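So the sequences go chain by chain: F and V. Using the numbering used here, you'd call the opening residue of the first sequence number 1 and step up by one each time. Using the numbering used here, you'd call the opening residue of the second sequence number 170 and step up by one each time.
Don't read these hints as lab results, they were simulated from the structure. Take the hints with a grain of salt, since some may be wrong.
Cut-off 20 Å, straight-line C-alpha distance, at most; resulting in silico cross-link-like pairs (DMTMM-like, lysine to aspartate or glutamate) [as the list claims (entries may be wrong)]: (1) V:K222 x F:D60; (2) V:K222 x V:E332; (3) V:K222 x F:D167; (4) V:K222 x V:D192; (5) V:K222 x F:E150; (6) V:K222 x F:D75; (7) V:K222 x V:E186; (8) V:K222 x V:E357; (9) V:K222 x V:E258.
Note that the structure is a prediction, hence the values are computed from the model and not measured.
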Amino acid sequence: MTSPAATSTVIRARVNGRDVEMLVPVRLTVADLLRERLGLTGTKVSCEMQVCGACTVLMDGDPISSCTALACDLDGAEVLTVEGLARGRDLHPVQEAFMAANALQCGFCTPGFIMMAVALLDACPDAGPEEIREWMDGNLCRCTGYAPIETAVTLAASRLAAAAVEDGQ
Amino acid sequence: MAVLPELGLVRSGDLDEVLATVDSDHAPYAGGTELVPAMGLGLRRPEAIVDLKRVEALQGIVVDAEFGTATIGAAVTHRRLSDHPAVREHLPTLAAAASRVGNARVRSTGTVGGNLCFAEPRSDLGCVLLALGATAEVRSAEGTRTTSIDELIVGAFETSLTENEILASVTVPFEPPGMSYWKLQSYERPTLGVALVVTEDQWQVTVGAATERPTRAVLAAGDAAGLAAFVDRLEFSDDMTGPPDYKRSVLRAHLGRTLGAAP
Numbered sequence: 001m002t003s004p005a006a007t008s009t010v011i012r013a014r015v016n017g018r019d020v021e022m023l024v025p026v027r028l029t030v031a032d033l034l035r036e037r038l039g040l041t042g043t044k045v046s047c048e049m050q051v052c053g054a055c056t057v058l059m060d061g062d063p064i065s066s067c068t069a070l071a072c073d074l075d076g077a078e079v080l081t082v083e084g085l086a087r088g089r090d091l092h093p094v095q096e097a098f099m100a101a102n103a104l105q106c107g108f109c110t111p112g113f114i115m116m117a118v119a120l121l122d123a124c125p126d127a128g129p130e131e132i133r134e135w136m137d138g139n140l141c142r143c144t145g146y147a148p149i150e151t152a153v154t155l156a157a158s159r160l161a162a163a164a165v166e167d168g169q
Numbered sequence: 170m171a172v173l174p175e176l177g178l179v180r181s182g183d184l185d186e187v188l189a190t191v192d193s194d195h196a197p198y199a200g201g202t203e204l205v206p207a208m209g210l211g212l213r214r215p216e217a218i219v220d221l222k223r224v225e226a227l228q229g230i231v232v233d234a235e236f237g238t239a240t241i242g243a244a245v246t247h248r249r250l251s252d253h254p255a256v257r258e259h260l261p262t263l264a265a266a267a268s269r270v271g272n273a274r275v276r277s278t279g280t281v282g283g284n285l286c287f288a289e290p291r292s293d294l295g296c297v298l299l300a301l302g303a304t305a306e307v308r309s310a311e312g313t314r315t316t317s318i319d320e321l322i323v324g325a326f327e328t329s330l331t332e333n334e335i336l337a338s339v340t341v342p343f344e345p346p347g348m349s350y351w352k353l354q355s356y357e358r359p360t361l362g363v364a365l366v367v368t369e370d371q372w373q374v375t376v377g378a379a380t381e382r383p384t385r386a387v388l389a390a391g392d393a394a395g396l397a398a399f400v401d402r403l404e405f406s407d408d409m410t411g412p413p414d415y416k417r418s419v420l421r422a423h424l425g426r427t428l429g430a431a432p
C-alpha cells in the first residue's frame, strides 16, 4: 500500500427498518453511531469490554457488543436495537414479558437483556432453562434481579410459542 | 466513553492485497473482540486495521471425509464453527467448546483465527486444537508455511507469526474416540481447561488456560507417576482466578476423577 489507508468510510445499513447511508470514521463504534449520530440512546454503554451486555444490539440477527464493534463493519448489515422492537404502541412479546415479570429494577441493563433474549428466542424458539442461562449469562444486572429476568424470558418463550401455534406455523 | 485514536481501514476481498498490506502498523482485523478493546486501552496502536472478513479464502469450513480432516478458515466465527453440521459430527468436542467461548456476543463476532493469534492464555480453542493435533496454515506475501499449534502459540499473548504473516486456516484431524474437554470457569474466560484423549493403552492430556500456553503430554495408560511428573512440571499462572496451588489442586482432582489415578 503506497497511499495511507482511509480513516473514514461510507456505510449503507438498515437500522430498525430504516435505510441509513453515512460517512463514518473507522474508529467510530456501533454504540457511538447509534447513540450520538442516530439518537438511539436505548442502547447503553457500560464496561466497554464485552462483559456486561448493556450495549447488546442485533447485527443480521446475531447479538453483538456495540461498544466494541466498529461502525465501518455495518456496511450491508441490518441492525436492530431496543427502539426497533415495538410495532407502534404494541410492545414486543419479550418487552411485555419483562414488564409482566417485573424483570427490571434500575433498568440500565434492560435493553441489553431484552435484545439478548430476542436473539435467543429467534435462534432457539424452544429455549429451556439451560439455553436461557447459557445465552443470558453474558449480561450483567447490578441490581442482581436475575431470577425475574429468567422468568421473563421463559414467559416470552411460551407466549411466542403459543402465538406461533395460533398462526398455524 | 473511550474514544479510539484515529484509525485507517484497508478492506479488500483479495487475499494477496491483504497480505501485501499487513505489517506492524497495519493490524489484521476480523471479529475485533480482542483488538478493539486493546486499542481502546491503548495497548495496540496500529495506523490501520486490515479487514480479513471479506476475504473468501479465510471464511470457509472444508471437510475432507477421505483424509478425515476439517479445514477451518481463520475468519470463521465461533458460532459458525459450533453450528456447522459436519464439525458437530466429526469434531463434537471442538464444536461444544466453541459453543461456550466467552458469551453469545463474542461467539457471533469472535473468530477462530483471532482467538489463536491473540494467544490469550485463558482460551479453550488453543487447548482443544492442540489436543486434536491441528496444524495451522500461515500466509504472507512471500508464501505459505504450515505449523503445529504448539509452534504457533509460543507464550502468553505471543505467537510465532511475524508482523507480515497472517493465520489463514487450521486443519484439524477428525476427533479420535475417547476425547473429552472439561473446563473450570467462573467469568468470561476459563480458569483451567483439560482436554483428554483416553484409549486402552494411552492417556493424552492437554492442559490449557491455567498456564501461559497449552501443554500436552502423551503417557502410557495407567502411568500415574508420569502423570504426576507432568502436573508437577506445569507452571501455573497467578491471577485473579486463583493462585497456582489452587489450579494444580483442581487439575489433580479432575484427573483423579476422570483417569482413576490421582497424580
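Please name the hints from earlier in the document that this structure breaks, with their numbers sorted from lowest to highest. Failing hints, ascending: 3, 5, 8 and 9.
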